[in-house]
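S.K.: As a plain string of letters, each chain reads:
There are 2 protein chains.
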Amino acid sequence: MSDSQKLVRIVLRYEGTEYCGWQVQPGAVSVQEVLEKAFESMTGIKARCLAASRTDAGVHAWHQEVCLPNQTRHEPDALLRGLNFHLPDDVVVISARWAEDGFNPRRDAVGKHYRYTIHNAQYPPVFSRNTCWHLRYHLDLSAMNRACRILTGEHDFSSFRGAKCEAASPIRTIDHMSCTRSGDKVLFDVFGKSFLKQMVRNILGTLVDVGRRRWSPEDVSAILEGKDRRLAGQTAPAKGLCLMKIFYDVESYNASM
Amino acid sequence: MSDSQKLVRIVLRYEGTEYCGWQVQPGAVSVQEVLEKAFESMTGIKARCLAASRTDAGVHAWHQEVCLPNQTRHEPDALLRGLNFHLPDDVVVISARWAEDGFNPRRDAVGKHYRYTIHNAQYPPVFSRNTCWHLRYHLDLSAMNRACRILTGEHDFSSFRGAKCEAASPIRTIDHMSCTRSGDKVLFDVFGKSFLKQMVRNILGTLVDVGRRRWSPEDVSAILEGKDRRLAGQTAPAKGLCLMKIFYDVESYNASM
Chain A
11 MSDSQKLVRI
21 VLRYEGTEYC
31 GWQVQPGAVS
41 VQEVLEKAFE
51 SMTGIKARCL
61 AASRTDAGVH
71 AWHQEVCLPN
81 QTRHEPDALL
91 RGLNFHLPDD
101 VVVISARWAE
111 DGFNPRRDAV
121 GKHYRYTIHN
131 AQYPPVFSRN
141 TCWHLRYHLD
151 LSAMNRACRI
161 LTGEHDFSSF
171 RGAKCEAASP
181 IRTIDHMSCT
191 RSGDKVLFDV
201 FGKSFLKQMV
211 RNILGTLVDV
221 GRRRWSPEDV
231 SAILEGKDRR
241 LAGQTAPAKG
251 LCLMKIFYDV
261 ESYNASM
Chain B
11 MSDSQKLVRI
21 VLRYEGTEYC
31 GWQVQPGAVS
41 VQEVLEKAFE
51 SMTGIKARCL
61 AASRTDAGVH
71 AWHQEVCLPN
81 QTRHEPDALL
91 RGLNFHLPDD
101 VVVISARWAE
111 DGFNPRRDAV
121 GKHYRYTIHN
131 AQYPPVFSRN
141 TCWHLRYHLD
151 LSAMNRACRI
161 LTGEHDFSSF
171 RGAKCEAASP
181 IRTIDHMSCT
191 RSGDKVLFDV
201 FGKSFLKQMV
211 RNILGTLVDV
221 GRRRWSPEDV
231 SAILEGKDRR
241 LAGQTAPAKG
251 LCLMKIFYDV
261 ESYNASM
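Here the protein sequences come in this chain order: A and B. Take the working numbering: the last position of the first sequence gets the number 267, and nothing is skipped along the way. Take the working numbering: the last position of the second sequence gets the number 267, and nothing is skipped along the way.
None of these hints come from the bench; they were simulated from the model. Among these hints, one or two may not hold up.
Since copy identity is lost for identical chains, a pair holds within one copy or between any two.
[Unchecked claim] In silico DSS-like links for lysine-lysine, alpha-carbon gap of 30 Å or less:
#: 1; residue 1: Lys237; residue 2: Lys56
#: 2; residue 1: Lys249; residue 2: Lys16
#: 3; residue 1: Lys174; residue 2: Lys16
#: 4; residue 1: Lys195; residue 2: Lys56
#: 5; residue 1: Lys195; residue 2: Lys255
#: 6; residue 1: Lys237; residue 2: Lys16
#: 7; residue 1: Lys237; residue 2: Lys47
#: 8; residue 1: Lys16; residue 2: Lys195
#: 9; residue 1: Lys203; residue 2: Lys255
Please read all numbers here as calculations on a predicted model, not as lab measurements.
In isolation and in its complexed conformation, chain A is listed as follows (with noise of 0.2 Å):
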């Protein structure tokens, strides 16, 4: 992507059930190859676009920040509903701005809030069936928190690591970490600037154990020691992990947490 192309910085919203994640992939369908369509169908133009963070399969985003090339006429405004009329009802483009002079949604973010939402009750979801985990056994959240504070910080996360991880390092920060309980729904909100593949839900999975006693806090620190992706829990499942936003703002980031 050049610097003198004009770039369409665009948040989008969308529920990932249906896809294998935000990056094009041959022989499925990808959440930016809808938007490169919609694109190409409405303008009649290939365009490339790149995203702040490559979700997972399955996982949803409530805003992600993508960066689309615009060599057409067509105005922030007038793509927005353009993108809207030709993407599927499980994609939507929130809002669209010009962006400044060099402005990568990706090398740009100071710091990202994933959201992992658990329906935690007796019986199972309905409107949020899609965007959850479910769990029967209550859910010992003082525990669980106890367990966060152990993990926030900047640690070698090689024991929440997903086997297909290419990540360079081993070493993430995570700069806030709380589980809290809304209704029947126990939510579990995690900031940091980066993390590795699947770290998140390995992170979560893990919590769970601690939250329903067979791990006490104490146990986490000995799995973050070993470093050894077999000690930790199982990886949740995609459907409850939602990006929560993108910050590209120190200051609104440090508030957020």
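We have chain A already, so just place chain B on it with the hints.
M.R.: Here is chain B on its own, set in the frame of chain A:
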């Protein structure tokens, strides 16, 4: 249903999208039918359920109250688990308990709360696309709330009565009605003991015409006094309507408004 039968009180939650409404109808799938079939699959016994409110096709319920004659040895807790195992994923039993002697969920209700949700934004809804009506134009909530106050109280609601309404009298009492904005949603809450067929959706369709300034709140006075369905606005789509709660206690009903 004889008084000597043991009755179980069930709170049911459902997404109405795929159903012809609560009530059994030939040639269509109703919520009542799937609940009765789940009971039969679980127990081998046919039973006829009674609901507090016969929701229309496509209308949802957050808390519908249902009575189920239980001739089995299953305790309510076991019924909850068994019914949820056999029910489709868009219909769920939230709670089950023994009913008081002679309890009738329809007759004994002292009030009902319905909510209509409008997605009021330039972009369409994603996660709530089955449960709200998308309106792009900005709604003037102050004008809509003035119209709400005109319609509150006891009136002849002939102008808001669905064509197929079989009620003996068009007189109904609205105990409370208001519109509030919450993010990109407009919530229309209405409380009353009973409503005419499609009355809530016909009122909302008319309020929306006030919100977009096609009509003034005073025009709504004239529509009400005209007692003619042709004077009022369109019937709002079913998918935005949800039965929120049935009240059996005057104090908690009054406190909720």
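S.K.: Among the hints numbered above, which are violated by the structure, and what are their numbers in rising order?
M.R.: As far as the earlier hints go, 1, 2, 3, 4, 6, 7, 8 are violated by this structure, in ascending order.
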